[in-house]
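Asker: Listed below, chain by chain, are the residues.
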Amino acid sequence: MEKKTPILEMKGITKRFPNVVANEQVDLELYPGEVLALLGENGAGKSCLMNVLAGLYRADEGEIFIQGKRVEINSPRDAMLLGIGMVHQNFMLVDTMTVAENIILGLSDLPFVPDMGTVSKRIRELSERYNLQVDPESHIWQLSVGEQQRVEILKLIYRGAEILILDEPTAVLTPQESKQLNRIIHQMTREGKSAIFITHKMEEVIAFSDWVRVLHKGRLVTVKKTSQTNPQELARLMVGRDVLFRLEKKDRNLGGVALELKDVQAVDDKGLPALNGISLIIRSGEILGIAGVAGNGQKQLVEVLTGLRKTTGGKIRIFGEEKSNKSPLEIINTGVSHIPADRIARGIAGDMSVANNLAMKCYRKPPLAKKGILHPKRILDLANRMIELFHIHTPTPHTHAKFLSGGNIQKTILAREIDACRGLLIAAYPSRGLDVGATEFVRNQMIAQSESGTAILLISEDLEELLTVADKIAVLFEGHIMGIFRSNEADTERLGMMMTGMKEGIGELRD
Amino acid sequence: MRIVFEKRKTLSRKAIFLVPLFSFFISLLLTAILLAIFKTNPFITYAAMFQGAFGSWPNFTETLVKAIPLMLAGLGVLIAFRLKFWNIGAEGQLAFGGIAATWVALFWSSFLASWMVLPTAILVGMLAGALWAGIPALLKVRLKVDEVLTTLMLNYVAILFAEHLYYGPWRDPKGFGFPGTPPFPEFAWLPRIAGRAHLGLVFAIVLALVIWFILNRTRLGFELEVIGNNPSAAQTQGIKIAKNIMIALLVAGALSGLAGVCEVTGISRRLQQGLSIGYGYTAIIVAWLAQLNPIAAIFVAVLIAALLVGGDQVQMMMGLPAAMGLVMQGMLLFPMLAGALFTEYKIRLIRPRTSGSLV
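From first to last, the protein sequence lines are chains A and B.
In case it helps, this note's numbering puts the first sequence at residues -5 to 505.
In case it helps, this note's numbering puts the second sequence at residues 4 to 362.
FYI, nobody ran anything at the bench for these hints, they're computed from the structure.
A hint or two may mislead.
For each label pair, taking beta carbons as the anchor points, the in silico distance ranges come out as [said to hold, decoys possible]: (1) Asn438/A - Lys87/B: 34 to 42 Å; (2) Ala341/B - His387/A: 29 to 37 Å; (3) Leu344/B - Thr8/A: 31 to 39 Å; (4) Leu152/B - Gly271/A: 53 to 61 Å; (5) His387/A - Leu344/B: 23 to 31 Å; (6) Arg199/B - His387/A: 54 to 62 Å.
Yeah, the Cβ is synthetic: ideal placement off N, Cα and C, and Gly gets one too.
Same shape as in the complex, but just chain A:
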């Protein structure tokens, strides 16, 4: 292979956050006209590395070279001047403005009254050249997600970007739009531009990229030429472990069916299918883990089970009773508890006291309330009991919940939901963002609950958590269950492949 000068080189990038090392000594090389795929689990440090490159974060250590010259990137503006542009997962567009207006927004050399005619003409030229069909005059709110993405890419090209960073670009796209994006990227590389894209989907790595770099827990694990590797190898590298520590669990006698889903379907907020026929069963005393990369229907699955979203088909039975499309209250009354994925946004009321937050599920009934009148003393007693039992660190029970640390907020939610739980617990990412001690506490609490007969649906992006805590693991990909395994028989490589949408070798387990 001939030795070209890389257009971009990152050397020994290290980025630390309080308690976490997001990137450790990561190297990266990108050659003109090539596409590099960054592969890794959630939290592997891919987005962090790209944010360093785009000027949003500053690396603690390491150097960046552009065309062999060492550069300092202190702001997105610096990055832009160096020809680096990033398309974020959440688009940065102003809905009420036109495509052309959005594209020139923030340009530094703009005259007081921009000549929109010339701008539009230039945009038309560029969109023709790169196959990026968008009308410069239309307003952002009129465009589909795929079109909005094209506007983001156009914006970067208009500003002269040579290196495009695409953060999970296909996560929001339909399959047709993904194919179109592939064509666009190839057109750009033919023109000499380069791209880095972050993804979880194996087939895209194969279809889009020339090189693959795999990150695991902030470190670079491997660099491969895409043509010289295969999905199996990449999946194993991404998941990053062969030997697993297993937590000893007592043998349990499973009870009756607590939760049964039959061909459940639902759509997301944009009306696109999110759950495409989910069928599963959880028995009392059993923990079923849902593995998969976030955004493959986990959110919608939790929402249909807790009454926050309507199903568009199929049946949900809780303790044998039909509970599809019931209100959240009806579902709570059947004894279902819910640890929400977004604990600040959904789990607590920050300006209310810890005591009131702890009472938030059982304030309706005696002993906390009688005929609609609350009993403050009993609420306080309950709070004190739970604060002790779950080791919640709070100055007083009257402290507003928002003053607590993330781990203690999660313990508050856990305490409330476990205390109110009567047989079925839906837990979404219960240990996300917690330190080691709090994580262990949360996991042990769930195991203890299942031993006392609770059925638990555990959604997690941490395979280790699933393998140690869950009895069975179902892999969710694009709204389908790819397979269900006993966790002590699960093969990480196969799990990794299924999480990225590879279907071969499915060893389904029928209960």
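Let chain A serve as the given structure and place chain B on it in line with the hints.
Answerer: Quick look at chain B alone, frame taken from chain A:
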């Protein structure tokens, strides 16, 4: 040296109490500067204002007269504000309550026993206020229509409707052209307890206590607090958001409606021009200064009423514009809003370190 705001670990209880107090003193200071520009001695002016509002029993009862509608409408506003429902329609709810009470007082005595007219007027007036708040509430929960616009615009509808009535169909034929309805029959008068201060004072105090209890000691109050704080958490916990917003806003409207009922049956004893002198808007200031606490609202309403009455006094005695009272109200609100920062943050001074090289 750098000054930074640091988030407190807990809410400062002291700040909750001290901020309004300090705000009051700052507003006195700021207004004093203004008065000095007018070449007026601020101390004499303040003394005159105090004298005007509290100096004699008749003066004090006049302060109460103005405080009563502020208390009732203030309660209505604060209930809605606790839900982060920005009800600025107390003025219209008050006017519509007054219109409805007038309707009962003038026209229902033909088929109602006379002792029943006043209670009926109160009830119908409250229902009318509730209706006037219920419309924007329903639009909000069903269609997500912004309540700031709807409540504000309905104010003009109610006020202009009242005007239409006392200039047109309900105008007193013996009124020598004065814009107003005929006076109410005596049995439709709200009893006065001291000077012109009427039974509305008792209503306001009792209702403030009842509302405090509902907000702090009942399931409904708990649910309202969660909704106001984090609607998504409320939804997750199975709390019915739309229903609760409707209940709260109907109550809020009924309270402002009652303020209107008391004005027409207790003070003017007819519907006439100047039914409300912006009580519904001033009630917003009352609610904020009381930090949405119903008990505090009673005292704050008296204070604000004192500023209004005192402002009238300095106009009469010292030839200053009566708007001086309104200026003070405004001056009171600014430091208050700024001071709210201190309940959650504290100020810390950071001395620069001499060593260390930041790239």
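Asker: Each hint should be assessed against the structure and marked as holding or not.
Answerer: Against the structure, the hints:
| no. | hint | in the structure |
| --- | --- | --- |
| 1 | Asn438/A - Lys87/B: 34 to 42 Å | holds, 39 Å |
| 2 | Ala341/B - His387/A: 29 to 37 Å | holds, 32 Å |
| 3 | Leu344/B - Thr8/A: 31 to 39 Å | holds, 37 Å |
| 4 | Leu152/B - Gly271/A: 53 to 61 Å | violated, 44 Å |
| 5 | His387/A - Leu344/B: 23 to 31 Å | holds, 26 Å |
| 6 | Arg199/B - His387/A: 54 to 62 Å | holds, 57 Å |
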